[in-house]
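Using the hints, position chain B against chain A.
Protein chains: 2
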Amino acid sequence: MSQFNQVSVQKEANIYYDGQVTSRTVILENGEKVTLGIMLPGSYEFGTDGPEIMEILSGDLKVLLPGEESWMEIQGQATFHVPAKASFKLEIRKVTDYCCSYPSA
Amino acid sequence: MSQFNQVSVQKEANIYYDGQVTSRTVILENGEKVTLGIMLPGSYEFGTDGPEIMEILSGDLKVLLPGEESWMEIQGQATFHVPAKASFKLEIRKVTDYCCSYPSA
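Chains as they are written, first to last, in the numbering used here: chain A, 1 to 105; chain B, 1001 to 1105.
Just chain A, same shape as in the assembly (with noise of 0.2 Å):
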């Protein structure tokens, strides 16, 4: 079981969709942001400041990434980039277990 050790996490969730998409904020011994998150079954939009790097840990889902036209099919564990000042689509078809990491500029 990997964890991150030597971090701070913040006590309360991050709710998205009524509960759908909910996260933990970690942050790291060097004072990057780490989200441990899980996504139910639907369809949902998320919006970026700055890039993003989405590492699935388990799940059954596609994503649309910005600029594409086609979706990107997800059985079990990925990764993924998203740029700054983008949104991108993902559609969750079984309970979804992620870490998105907001790597510094």
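Derived from the structure by calculation, the hints contain no laboratory data.
Reference excerpt, derived from the structure (chain B facing chain A, CB under 8 Å, subset only):
hint : residue
1    : Gln1003
2    : Gln1010
3    : Glu1012
4    : Arg1024
5    : Val1026
6    : Leu1036
7    : Leu1040
8    : Val1095
Computed list of chain B residues with no C-beta within reach of chain A, every gap over 10 Å:
hint : residue
9    : Asp1049
10   : Gly1050
11   : Ile1053
12   : Ser1104
Every residue gets a Cβ at the ideal spot worked out from N, C-alpha and C, and that includes glycine.
Then chain B, alone, in the frame of chain A:
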């Protein structure tokens, strides 16, 4: 925003009831475990190994503690204790954010 510092966080989520209840495991600096979780509307029953302290951070629910005949109503924040080797029931009406502590014996 309160937070835990100098902790370890397991990357993968704990997933129950097909994702309606999920949590992340955090190991505190003193070695004690807490889980930060979300419960979506529904009816659930959980069993304990050791004693647990459930802190409801936000939510709308009722709880039936072991040995009790009447449900405890919670809107907003509350803390309740569950003894070891017991089970308790929850009826969640709105997305509920919680922090569960597992104090060492």
